[in-house]
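Please put together the full structure from these sequences, using the hints given.
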Amino acid sequence: MDSRNGELHPAADGGAEAERLFARHFDALEGIFEFVSEFFVANGIEASNAFDVQVIIEELFTNLVKYSKGATHDIAIRLKRRGEHLEIRLVDVDVEAFDMTRIPEVDTAKRIAEKKIGGLGLHLVRKMADDISYEYVDRQSRITILKRLQS
Amino acid sequence: MAMFEIKNRGDGVLAVSGRLDASQAEMAEKRMNAIQESVRVDLGGLDYISSAGIGVFVKTQLRLQAAGHALKLVNLHPRVRAIFHFAGLEQLFGIE
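Chains as they are written, first to last, in my numbering: chain L, 3 to 153; chain D, 1446 to 1541.
If you're looking for bench data, these hints aren't it; they were derived computationally from the structure. There may be inaccurate statements among the hints.
When the alpha-carbon atoms are kept at most 20 Å apart in a straight line, the in silico PhoX-like pairs for lysine-lysine are as follows [as the list claims (entries may be wrong)]: (1) D:K1517 / D:K1504; (2) D:K1452 / D:K1517; (3) L:K112 / D:K1504; (4) D:K1517 / D:K1475; (5) L:K118 / L:K68; (6) L:K118 / D:K1504.
Stretch-level coverage of chain L by chain D, calculated; a stretch enters the list once three of its residues show a Cβ under 8 Å from a Cβ in chain D [claimed, not checked]: (7) 24–32; (8) 141–152.
Over 10 Å on every C-beta distance to chain D, these chain L residues come out as not near it, computed from the model [unchecked claim]: (9) V43; (10) D54; (11) A78; (12) E86; (13) V93; (14) A99; (15) F100; (16) R104; (17) T110; (18) H125.
Note that this is a predicted model, so its numbers are computed, not measured. Even glycine gets a Cβ: it sits at the ideal position worked out from N, Cα and C.
Structure below.
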């Protein structure tokens, strides 16, 4: 299923898919969480998976909002069920490249000891996601996450 | 969506509820700035937390510890506890 207005339709490979655009502001998070919940209900995905998926998306979305300098376009979030995995893709257009997969792992205990707090979001995504990949094509940043679903 | 709230339970314990995401973090930090002494914080009503929310708790704890005080977090929802665990922060908050 796919759609650019959030409605679900069958995708070419048979997997359920939905995509929606969100304004690059933290206030968009409520709508993002609702989008995740709607997709889960429509596709019979166990609600207990929502927490992790919402954290992953929030961390990636807020990083794009905070660190894509000069960016003005809405951010696209696509959800696609791939068997026992959920594929989450965030697409940010007309931006400079920012490959978060190349950022070194954070030693959280060391950071706390040094009274530093940042860098935790990406750390959580790495702990919770089964796969993370990044592409930069035609000034578009595409971050794709695979998350195994619990049934 | 349940807004983040902190309430004094009346028995010396603060009760936290709702969701603590990036859109709530600024407000939550203002509320947490009112904590000036050691206190137990019951997180049983906290349904969701992200790194932004963790940051609010960490800032508060570091501030209190510098003054000889501390938060002790109790009654965490399993997924919330997992976030603190992934962040390596269980020891900082005395989470058992």
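Here is how each hint holds up against the structure:
no.: 1; hint: D:K1517 / D:K1504; in the structure: holds, 14 Å
no.: 2; hint: D:K1452 / D:K1517; in the structure: holds, 15 Å
no.: 3; hint: L:K112 / D:K1504; in the structure: holds, 15 Å
no.: 4; hint: D:K1517 / D:K1475; in the structure: holds, 19 Å
no.: 5; hint: L:K118 / L:K68; in the structure: holds, 18 Å
no.: 6; hint: L:K118 / D:K1504; in the structure: holds, 9 Å
no.: 7; hint: 24–32; in the structure: holds (count 4)
no.: 8; hint: 141–152; in the structure: violated (count 0)
no.: 9; hint: V43; in the structure: holds, 16 Å
no.: 10; hint: D54; in the structure: violated, 7 Å
no.: 11; hint: A78; in the structure: holds, 19 Å
no.: 12; hint: E86; in the structure: holds, 20 Å
no.: 13; hint: V93; in the structure: holds, 20 Å
no.: 14; hint: A99; in the structure: holds, 23 Å
no.: 15; hint: F100; in the structure: holds, 17 Å
no.: 16; hint: R104; in the structure: holds, 19 Å
no.: 17; hint: T110; in the structure: violated, 4 Å
no.: 18; hint: H125; in the structure: violated, 7 Å
When held up to the earlier numbered hints, the structure conflicts with 8, 10, 17, 18 and fits the remainder.
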